[in-house]
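Student: Residues per chain are reported as follows:
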Amino acid sequence: MPRPERAPPGGILPLRLENLVVELAGTRALSGVSVELSAGPCSVIVGPNGGGKSTLLRVYHGLVPASSGRVRWCGPAAAEAPRRQAMVLQRPVLLRRRVAANVAYPLRVRGVPADARRARVAAILEQAKLLPLARRAARSLSVGEQQRVALARAWAVEPEVLWLDEPASALDPGATRALEETIRRIRASGTKIAMTTHDLGQARRLADEILLLHHGQLLERTPSDEFFERPRSEEGRAFLKGELLA
Amino acid sequence: MAELVDAFRSAFGLIVGLDPDLLEIVFLSLRVSLLALVPAILIGVPLGASVAIARFPGRRPLVALLNLGMALPPVVVGLLVYLVLSRSGPLGRLGLLFTPSALVVGQTVLVTPLVAALSRQVLEDHWTEYRETLRSLGARRGRAVATLIFEARHSLGTVLLAGFGRAITEVGVAIIVGGNINHVTRIMTTAIALQTSRGDLPLALGLGIVLLAVSLAVNALALLAQEAVRRAEA
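If you read the sequences in order, they're chains A and B. At position 171 of the first sequence (counting the first as 1) the number is 171 in this note's numbering, and the numbers step up by one without a gap. Convert by adding 246 to the 1-based position in the second sequence; the result is the number in this note's numbering.
Do not rely on the hints blindly, as some may be mistaken.
DEER-style ranges, computed between Cβ atoms [as the list claims (entries may be wrong)]:
#: 1; chain 1: B; residue 1: Arg386; chain 2: A; residue 2: Glu243; range: 40 to 48 Å
#: 2; chain 1: A; residue 1: Arg91; chain 2: B; residue 2: Val262; range: 17 to 25 Å
#: 3; chain 1: B; residue 1: Ala474; chain 2: A; residue 2: Gly32; range: 55 to 63 Å
The hints are simulated quantities; they were obtained by calculation from the structure and are not laboratory data. These figures come from a predicted structure and were not determined experimentally. Idealized CB from N, CA, C, for every residue including glycine.
With the hints as extra help, turn the sequences into a complete structure.
Tutor: Here it is, written out as structure tokens:
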């Protein structure tokens, strides 16, 4: 994956989780996760379903509170963390309006003036190759196109960190290729990408580092090349072989 | 049977001949119910939205109360509004009793809980779908409510139709706070009740047919408008 063009000056990263525990409806979704995410590498979280991947992203993004432990933004601009990150949910909800209006929405929420907003929307749609769809009703698009619109909408706010939860889980190979292309562009613009997937091929294509999560525990964090050659954990080796993890 | 046929014939004669008394009653009915719908929307939809989104102690009883409001008996609402507007009541000085304004107030009180309860249900369903996305996009509470109302506009259109239907077809409130005064507060439902009791079946039937036609026309227009908006958005 290409390295970013610029490193964010005075950013919100690194993000540190300290002994994070999350319980949802009486079930422990994350158990004592401690990890630090820094600007730069594309972090891909893999693991079996129900392992806590989506919960971890939601905690990072502030959608789910920690039951115990700490989530700390440690960069010099930590106070701006809520405004300088964005997320694309596994099943993103597009608003019942045109594609361009969807992309403009978070800018409007952030009080970006109309002229700047229009220019930014046009630029993002151009870069995401969505300009031909700009005036289409967002909900009338195919699943793959909707996913790319959701990605463009998140990108519109120029996030320092972008969380992607299984962004290609419902897509065919063509749509997945287009989506990954957009993710690479976002990454190249300097945004830190952290995403979940259970598609190992996608992890191999996009990741700089792999975080393996199982039963709510972080089993290993390994540079991508190394993970696919020699995973450090027994579960990592089993996961790569396609075995069902107990 | 012959009497009934005659009554129908006379009723159609009144409608086709654009009888001035009939028209006056029809237009007053429409004016009152549409005016009552405005505050009912302005109060009911935000109230429904707030209850749909907020989580606070006592929310469940409040939802039950709102739902109960849908079944408010019009005569009871009429009685309460009468007490408030009567000369010795808290708003007696305004002199609204037995005026079209009293009809508007009464119908507003009747329709607002219905609009609020149905809006709450519609918006709560939408909130389940939109909550995480709107939070993720940075929308705070006020913005989220406004967005939610806009996103649910088609379903809310149906809620408004239900509100209008309740207003234009009610009779209890109108009789009690309007007094059914000829050329002043006589609307379709009260006129139908009066003419039936007097035995003037042609006018009662004519009004009944118009009331049905108006209800159908408003619903049809609203559906057409919704379809047009949907097509434009697609």
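Student: Confirm or reject the claim that B:Arg386 and A:Glu243 have a C-beta distance inside 40 to 48 Å.
Tutor: holds, 46 Å
Student: May I ask you to test the hint 55 to 63 Å on the CB atoms belonging to B:Ala474 and A:Gly32?
Tutor: holds, 57 Å
Student: Per the hint of 17 to 25 Å, is the separation of the Cβ atoms of A:Arg91 and B:Val262 within bounds?
Tutor: violated, 56 Å
Comparing the model with each earlier hint shows a violation of hint 2 alone; every other hint is respected.
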